[in-house]
Amino acid sequence: MKQKFKRPESLIDVPFHFCPGCHHGIIHRIVAEAIDEFGLRERSIGVASVGCSVFMYDYFDVDVLEAPHGRAPAVATGVKRARPESFVFTYQGDGDLAAIGTSEIIHAANRGERLSVIFVNNTTYGMTGGQMAPTTLPGQTTTTTPYGRDTYVAGFPIRMTEIMAQLAGVSYAARVSVHNPKALMKTKKAVRKAFESQIRDRGLGFVEVLSACPTNWKMKPLEAARHVEEVMAPSFPLGEYKDDLQTSGT
Amino acid sequence: MSDRKLVNGNEAIAMGAIDAGCRFYFGYPITPQNQIPEYMAAHLPEVGGVFLQAESEIASINMLLGAGATGVRAMTSSSSPGISLKQEGISYMAGSEIPGVIVNMSRSGPGLGGIAPSQGDYFQATRGGGHGDYRTLVLAPHSVQENYDLTIRAFDLADRYRNPVVVLGDAILGQIKEPVILRPPDRAKETRKDWILTGCAGRKPRLLKSLYLTDGELTEHNWRLYRKYQEMRREVLYETVGTEDAEMIVVAFGSVGRIVKTSLEMARESGLRIGLLRPVSLFPFPTEALQQAAERVKRFLVMELNTGQMVEDVKLSVAHMAQVDFYGRPPGSIPTPDELFKEIQSAFERMS
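Those protein sequence lines, which keep their order, are chains A and B. For the first sequence, counting from 1, position 73 maps to 142 in my numbering; every step adds exactly one. For the second sequence, counting from 1, position 65 maps to 67 in my numbering; every step adds exactly one.
Quick caveat, the hints were computed from the structure, so don't treat them as lab data. Glycine included, C-beta positions come from ideal geometry on N, C-alpha and C. Just so you know, nobody snuck in bad clues.
So the derived label-pair ranges between C-beta atoms look like this:
#1 Thr-171(A) - Glu-246(B): 57 to 63 Å
#2 Glu-57(B) - Thr-213(A): 25 to 31 Å
#3 Glu-57(B) - Gly-198(A): 26 to 32 Å
#4 Glu-192(B) - Glu-299(A): 56 to 62 Å
Bound conformation, chain A alone (with noise of 0.2 Å):
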């Protein structure tokens, strides 16, 4: 009989630790199947950043670096300098990529590093307890933002992915989410396209996942995925805004 489904090699077989209804498990399969299916696993550094994400050297069976709050592309950018043969990615939250790291991804991309990031945006400071972060819908609550955003004072969620697209730099930039099957395979998809620029030497691959923090949204997480979808993605459109893979080159 034809084994059609089985837990990745990439992934150490452990219970996550993650919130019911979390999508970081989610999120974490999906790159540890992409690294399967390119083989990439005994060549892959992960750089982890700071926040709920930083415990994916628990999950990922590859070797991990942990950079400081932000850091995660300068020091991604170090280890694939080092070592180009390496395959690198860093897996990273909204307050660390978009707003303490905000510096040091933009110029990683701007360069041109061949690095695969996966950003994970659920629109909260998640390990800290739910706090603003820099995608913060207007009106959402918030332990720093209690009477909801107020743009006035706060600002505006900030449009990742949208900002990659600009960069020469980056040759793939896509904003997917893992609320439903369907958007979960899609999601498979730019996780793909994002380590193809990687391997095929291209540029910066970028793949914004819109994910539900169930705990600090208060929800039920069936109501937090559809949250996700109703009210997270007309804020954050979904789709891919930048793909140079299908161009000429290598």
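Following the hints, put chain B in place on chain A, whose structure we already have.
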């Protein structure tokens, strides 16, 4: 084979790095150390290396962290305000035990300060500088030759202890031009690295991190680091001049140590027997050498281009054995040997 060249202090550092096998440089422009990145940009490609001008000091130190984690020899350089920005990364490197060389051709502060030479970064360099209970090895050259030699040594120490190493110079040491004898080391003796990240082919995956949340783990990690810092004591380096018959010993490091050497000659000419103990490693600090000297000599004068930093370490070493006086000056001008001689004379009289 050795080779003699006339170069400035910053170039000597870059040459030492390349001769030590450094093939990766990450940096950001700041005066007075720009000849280091400029030299690296010109010469690293010749040896198959990578020069990368980063978008910030923060990015450069994190690139160093990433490169160091893969086992290659890599460095960054900057000057005081830039070194402040790098402290976060240095703390993570110490916590994750990732080697790397950080050169601080220091200028003056606080804040933007100025580009005049200063030794105001002594505390920052020797106390760790960033958050957490850690230490970096600190080497303080006083000549162009030492800039070259100690940079090579810095790479060896970084690998030996899996720790960041700081080379602390200043604007004087970066800009002076002197002949330097180039003596590339035998790289065959280099430390084996069984912890580096290269992808997990044929072995179990490796992890380099500084986060420890399980009960007791961080306590043990800190104790282990502490034991490592204790082991570093065997790397103490210092120079003595005329201490055998001295009635007073001047303690000075880096460029001040260099100037004091001339002041000592003036002292000898005027019949004063003054010695110099020049710490070359600032961490580890030559505490025992000072204590041995204090068995006999009861007068110490610490001279620094700041308002009193290393003097604390000298006092911790010998305050219970001898008198410790201090002469310091804030940044603004370079003291002449004559000026320092006069200060030595008056301190000698004060402590008589």
